[in-house]
Amino acid sequence: MKEPATRDPKLQRVGPALDQVARFLQRLAEQGWQRTTAVTLKEIRTVAQVAHHARLVRLQRELARLETQLKRYLDRDPSFSPAGLLGTVNRVWLLERAIRGATDRATSIADLEPIAGTPRRTYRPVEGMIDVVVGAAHGWVTDSGYVGVTAHLWHRDEKRWLQATMARPDRMVGPDPARLLRMPLSDATPLTMQEFCHGAWTLDDVRLSSDGRVSLHSELVVVPTAIAARQGLATVAAENFLAIVDRLEGAPSGPLDGTPQSLVYIEGIQIDRPLVDDTRARVFAGVRDRQGRRLEVTVPLRPEHDVLIDNLELCATPAWSPEGLIAEASLVGDQVVLSPLSAVFARPVSIGRRVKSAHLVHLTVEPLKRAKR
Amino acid sequence: MSLDQVLGDVRDELIALWGAGLATPGPGRADALRSLAETLNDAGLERVAGEVSQLAKALEGLVGETPSAEALHAVHERLQQLTTWEVQFRRAWALRTCRQTFEASKESVADSSRPPGLDATVVPLGVTSLDGRIVFVGELEGRSQPIVLHDHWPGFRGGNPFRQAQASRLFQDEVVPATLLAHKWRLRDHPAVQRRGRWIVGPSFFTRPDVLDEEVPRIVMPDDLTLRWSSDGWTLWREEAEHALEVAPSAALDFNLRKQRVYGPDLGARLAPNGDRHVLIAMADSIGLPCFPSVDPGAIRWTQPQAKALATRMAHRGVDALLTYLGCLKPSGRKRKSVPSQTFGEVVAGWLAGRPPKAGNEAAAVALAALGGAPAALVSELSLAEIGPTPTGIEVVRRALEIEDLAERKAFVQAHVVAFTRSIRRGGVVPAGRDLWALTALWSRLGSPSDPETSQPTLNGVPFDLDRLRLAAVNPLSRALRGEAVSAEEVEDALLLVVGSDDGASFFA
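In order, the protein sequences belong to chains U and R.
Following the numbering used here, the numbering of the first sequence begins with 1 at its first residue and continues without gaps.
Following the numbering used here, the numbering of the second sequence begins with 1001 at its first residue and continues without gaps.
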């Protein structure tokens, strides 16, 4: 009889971890989320920890998301969405089954990475220099206590989008991602994140991950160059909202892919004056394309969205109506929604001491009320 | 019932089940599921209807007694499968619904497109630097209307920024400013405003000026300005003006005017109004051609005595003295705060190109820190940054030929040409054929100046060492005849030398 191939000892942790996840899901299904208590949250944390030790990264993140959603339910947070919870529970279940199937065929923990995720990205050095131009940027805050600013970079030669993110724990810099704009890219350069987010750059000593993330490490050399941002934006340009639907239909849509989303750039839009819905703790603003089709921008009423909400109000006025909008389009529930990232102004705008002339204003972190024309 | 409503009912049931839990689903849940199955059946979703029926049946089995773990597990599996279907189907359905809605709705909205921009050809007249921005001044061709174009060069590449490629926001490309100013530009639908009779444009997101092949015609500059320097700065006096025209300061301009002083107080320059002051956008250089001293630190060149004096000063008094002289240090020699990321060359070049004086002051400490008291390296970098490219003899010849009226500059050009021919005779590199003919043409325009140093035979009147010229001509021809690889240009030059000479017979005798 043939000897079984030597298996990675780390794989031995996967089976018990998956069992624990399955048991937890079964219990949750039996008791129902209406009977969720603080103990349930503690249990999720424990299960997520087990998943973490078994290097089941995606599962751990989905469990963390489930914990956040159940906590919102317990807190009677108006942003709680039963449909969102349904989706998360289902993804945990699908992931558990998919990883279990892959574990049977795997000989090492690395074989599981395509489906289970990796704890840290591997950044590999890139030979030579690369020319990039920033097409959009946005600030974000995670439930796990991190704030960050992500710049979307168009790689001119490879004609693809990359991302560069500066992230810090909120206990270090506070809950406002806009603060990160004033921080230098690294200890070795006086160039701030805000300056980096406005312009085109030649990057040297680049380290890049397989999913297109540029590391902002201290040896990264950043030199200004001249590339028109519209070169990159042309690749994600949508003539109207129908084109956005086409884009979303073409996005990966498997059960484990999450909601389809796509970076889009659209010109000739009009933004309606935002309306605040206190009951649902959300701000709604309509965006119309050239043919008058309307898409909804929905922004939860949270402190980190204050800048965006103020900016949307200004963008609805004729004085600050942008010529174009760069946004993340996604399918949320039954609706295609836009999450605005950056506004395009044909004539440059001064948005601070360090950026005196910019065509892009990053709506989530740069207040237009302080900008000048 | 519409499919939207059916999907809504499915979601409601799923939420109710997940909310209440499978162990205590509540009375009537199974009946509700069965009813939902019928609705799904009616809507044509038979397969899902079957799933929902099975779920209802399984759920019914749990009611009434303590359910077994296996039974609960089976119901949980069915519930998850139904949830997967619902999420996936709803996603596809939502996109389809959006598409249908968008296809149906085509309201007319107010036109939000941009107002039409300016379409015109710009003849650049000059350039200056204001508050760190680069400002080109030009004229609209055919309309004689002034236009001001604001640009921003986000990074200098060291050396002389005016003669090296710069990343330009306005042109959205890497441009060499010196080359840029020699050609006309075409604006297409460029956003522009008109104020006080001038067009003003800046970088635009959607368009950029195209640099045309057509060169800018040479315009004679008004030559009625007198330059005066006082402790308050530079002033220019125009004869008919009752008051001085104060020149807005720019470090590069100041630097150039210091050099210009030795050529005399009168100069030809083109000024542009800027508020209640004037900015100098172009100037005639030592041989009368336009240069742009506000942004080009090498626009006016050191005279030989000046360069020698500078070198002596550097040698005797060291780095501090030189930096003080250039304004990088306070007279007391106290260092100012540093910007360690910039190289000294970049800082000096930036300072010379008209960045605010503060940046220049920072240069000193950077330079001293970076060089660690190595004046030789500093001198080397500084000489590159300050003096700019030294004109070669043939460059003077080419530029002088472009000047229609050489009367005023004749002495200067003549001195250069005589020195150049001497350098060839003394073993300097023989220029290419077409350059030699340019030299002879200029020699003739200058009235064949006599050179007391020589009584050599001449080529078209220019005293040369003819043996060297013969070699220069014969060498490439003989190599070409032997079948060696010689460029067509080289052969052409050699033939020009042979056949283009008035006294070719004696030349190749």
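Be careful, since some hints might not be right.
[Claimed, not checked] The calculated lysine to aspartate or glutamate pairs, modelled on DMTMM-like cross-linking and capped at a C-alpha distance of 20 Å, are:
| hint | chain 1 | residue 1 | chain 2 | residue 2 |
| --- | --- | --- | --- | --- |
| 1 | U | 159 | R | 1189 |
| 2 | U | 159 | U | 143 |
| 3 | U | 369 | U | 306 |
| 4 | U | 372 | U | 323 |
| 5 | U | 369 | U | 272 |
| 6 | U | 356 | R | 1131 |
| 7 | U | 42 | U | 143 |
| 8 | U | 372 | R | 1131 |
| 9 | R | 1057 | U | 272 |
| 10 | U | 71 | U | 43 |
| 11 | R | 1184 | R | 1213 |
| 12 | R | 1057 | R | 1009 |
No wet-lab data here; the hints were simulated from the structure.
Hints and how they fare:
no., hint, in the structure
1, U:159 <-> R:1189, "violated (27 Å)"
2, U:159 <-> U:143, "violated (33 Å)"
3, U:369 <-> U:306, "holds (12 Å)"
4, U:372 <-> U:323, "holds (16 Å)"
5, U:369 <-> U:272, "holds (18 Å)"
6, U:356 <-> R:1131, "holds (11 Å)"
7, U:42 <-> U:143, "holds (16 Å)"
8, U:372 <-> R:1131, "holds (17 Å)"
9, R:1057 <-> U:272, "violated (50 Å)"
10, U:71 <-> U:43, "holds (12 Å)"
11, R:1184 <-> R:1213, "holds (7 Å)"
12, R:1057 <-> R:1009, "holds (18 Å)"
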